[in-house]
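Q: Could you build all of it, start to finish, from the sequences and the hints given here?
Numbering (this note's numbering), first residue to last: 69 to 465.
Quick caveat, the hints were computed from the structure, so don't treat them as lab data.
Take these hints with a grain of salt, some might be off.
[Claimed, not checked] Dumping the calculated BS3-like pairs for lysine-lysine here, alpha-carbon to alpha-carbon at most 25 Å: (1) K270 / K424; (2) K236 / K270; (3) K203 / K187; (4) K203 / K183.
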Amino acid sequence: MELVLWAVTITLALQLLFVLWNLRQMPKLGLRRGDLLTKETSQESKQDNSGDRPLLSVLIPARNEEEQIGQCVSSVLADCSMLLEVLVLDDQSEDGTYEAASVSCSGDNRLRVIKGTEKPNGWMGKSFACHQLSKEANGEWWLFLDADARLSDGTLSNAMDMALQQQKGLITGFPRQVTGSWMEKLIVPLMNFTIACHLPVKLVRDSTDPKFVAAHGAFLLIHSDSYRQIGGHAAFKEHLVDDMQMAKAVKRAGLPVTLADITDYVSVRMYNDASEVWNGYKKNVFAGMGRNLPLLIVLLLFYSLLYIVPPIMLIMGSLACGLEGLQSAISLGIVPAFVAWMLGVAIKYRVDRQGKQPAKFAWYLPAAIVLLICIAIASWRAAANGQGYVWKGRRYS
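A: Shown next as structure tokens:
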């Protein structure tokens with residue numbers, strides 16, 4: 069066991085080095101790619117070209133978002149520095165989403181609220197809502213934005229400056245996650261963790277291989293011509309994880325994809341309680357792995373070995389040290405177990421720092437991984453037994 073733990077320790081040391089390098093490859097919203105600009109120079113650049121930006125369409129699908137949609141729309145319309153239209157589609161909501169959106173910024177002619185139509189067979193709900201929005205959009209660039217997203221000052225102008233430099237394709241990023249319940253704090257930041265640990269960010273932009281891609285549905289900025297070129301949401305209408313399918317389609321079309329650090333500008337609270345976290349991740353985990361059971365098993369075993377086994381062996385070694393002496397504890401691998409646990413904490417801390425998450429939750433990584441494994445198993449079982457998934461009042465297979 070000691071040799072196994074030393075192998076785990078070496079693996080985690082290499083993982084930490086990769087994460088430190090990988091996160092530095094992610095372009096930051098607000099700085100132009102390839103530029104070494106001071107903040108003041110960057111601001112001057114934005115002011116110089118603000119009048120040259122084309123019309124941006126912000127497209128917000130909303131289902132049962134009465135509590136969220138008003139703040140989202142207000143944060144978008146707070147930007148008066150550019151040509152802007154904001155389209156909100158009420159996706160057959162069962163609450164007052166339509167009314168809340170309509171009165172959120174009454175009198176602002178940049179806002180239009182649309183009643184969505186019934187979802188046809190074969191479509192996922194959000195994809196059909198986005199499809200309807202695309203039919204109404206007039207902008208050169210389209211920003212698909214979730215109703216629970218909040219934009220800070222300068223988000224849209226900075227995003228458009230990056231878009232104009234890229235000229236076509238897709239720009240996306242993982243927002244700063246706002247969390248409340250204990251399960252949110254443990255599980256939601258693992259999205260950033262898995263990306264930092266396993267996806268070479270540099271290859272998202274530099275490679276044409278669709279395997280090297282990541283996207284977050286809360287913030288998808290795509291050129292309208294690129295959207296049409298990939299066939300829009302109709303091209304992946306039956307997929308649960310529509311954001312990843314869009315990014316892969318953009319890559320397959322030979323168009324650029326940028327995964328940017330947008331945490332300074334965009335925040336989102338995806339779930340409101342532990343139940344929503346469980347059901348949301350249950351819906352997405354197995355589908356996000358292409359419903360590939362062998363891949364799921366390998367990944368869960370890998371995560372268990374790296375992040376769960378070391379603290380367990382550390383506890384066992386500590387107990388053995390007290391009961392049977394130091395030599396027995398050493399034979400159980402207490403030293404590599406401790407080093408491996410600290411390396412895992414260091415990796416999580418570095419990722420959480422970039423994602424602007426509380427540092428103390430890095431210590432709870434083993435518990436987060438155990439919980440993720442439970443959700444992943446539930447996700448697979450729901451697909452395997454035909455039970456499917458329920459989200460926002462709709463059932464998906």
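Q: If a hint holds in the structure, say so; if it doesn't, say that too.
A: The hints, checked one at a time:
no. : hint        : in the structure
1   : K270 / K424 : 21 Å, holds
2   : K236 / K270 : 18 Å, holds
3   : K203 / K187 : 15 Å, holds
4   : K203 / K183 : 13 Å, holds
Checked against the numbered hints listed earlier, the structure breaks none of them; every hint is satisfied.
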